[in-house]
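K.L.:
Please put together the full structure from these sequences, using the hints given.
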Amino acid sequence: MSALDAPPIDQDSLRLRGEFLEMPGLTVNVPQAARLFGIRLDHAAMMLDLLVLEGFLVHDEHGQYHRPARD
Numbered sequence: 001m002s003a004l005d006a007p008p009i010d011q012d013s014l015r016l017r018g019e020f021l022e023m024p025g026l027t028v029n030v031p032q033a034a035r036l037f038g039i040r041l042d043h044a045a046m047m048l049d050l051l052v053l054e055g056f057l058v059h060d061e062h063g064q065y066h067r068p069a070r071d
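Numbered per the working numbering, the sequence shown spans residues 1 to 71.
Treat the hints with care, since some could be wrong.
Claimed, not checked - The following label-pair restraints were derived from C-beta to C-beta distances: (1) ASP42 / ARG70: 17 to 25 Å; (2) MET46 / PRO68: 25 to 33 Å; (3) ARG40 / ARG70: 29 to 37 Å; (4) GLY18 / ASP49: 15 to 23 Å; (5) VAL58 / LEU36: 15 to 23 Å; (6) HIS43 / GLN64: 13 to 21 Å; (7) ARG70 / LEU41: 26 to 34 Å; (8) ARG70 / GLY18: 16 to 24 Å; (9) GLU22 / VAL58: 12 to 20 Å; (10) VAL58 / LEU14: 15 to 23 Å; (11) LEU41 / ARG17: 14 to 22 Å.
Read the hints as simulated data drawn from the structure, not as lab findings.
Predicted, not measured: the structure shown is a model, and the values here were computed from it.
For glycine and all other residues, C-beta sits at the position ideal for the given N, C-alpha and C.
P.N.:
Printed below as a string of structure tokens:
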């Protein structure tokens, strides 16, 4: 797949990624992310899960999403 064939990047996902970069200690669950970013619960869950699949975030056993710990 070339860059021209790639799906468009969701603006909400970019904003969410930016917030985690600006606030390295940010930890949220799905409802908190939905409120914080003013998006629907299902959209927040989808975006957070995609960021986990990319390795940008981790999802812990308490349902929290945050940046992975750095060694």
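K.L.:
Please go over all the hints and tell whether each is borne out by the structure.
P.N.:
Do the hints match the structure? See the list:
Against the hinted window of 17 to 25 Å, the Cβ-Cβ separation of ASP42 and ARG70 comes to about 31 Å, which falls outside the hint. Under the hint 25 to 33 Å, the C-beta atoms of MET46 and PRO68, about 20 Å apart, miss the expected range. Against the hinted window of 29 to 37 Å, the Cβ-Cβ separation of ARG40 and ARG70 comes to about 32 Å, which satisfies the hint. For GLY18 and ASP49, the hinted distance range of 15 to 23 Å is satisfied, since their beta carbons lie about 18 Å from each other.
At roughly 18 Å, the beta-carbon separation of VAL58 and LEU36 lies within the given 15 to 23 Å, and the hint holds. Checked against the given bound of 13 to 21 Å, the beta carbons of HIS43 and GLN64, roughly 18 Å apart, stay inside it. The given range of 26 to 34 Å is respected by ARG70 and LEU41, whose C-beta atoms sit roughly 30 Å from each other. Take ARG70 and GLY18: their Cβ atoms lie about 19 Å apart, and the range 16 to 24 Å holds.
The hint said 12 to 20 Å for the Cβ distance between GLU22 and VAL58, and at roughly 18 Å that hint holds. Restraint check, VAL58 to LEU14: a C-beta distance of roughly 19 Å satisfies the suggested window 15 to 23 Å. Range check, LEU41 to ARG17: Cβ separation about 19 Å, and the 14 to 22 Å hint holds.
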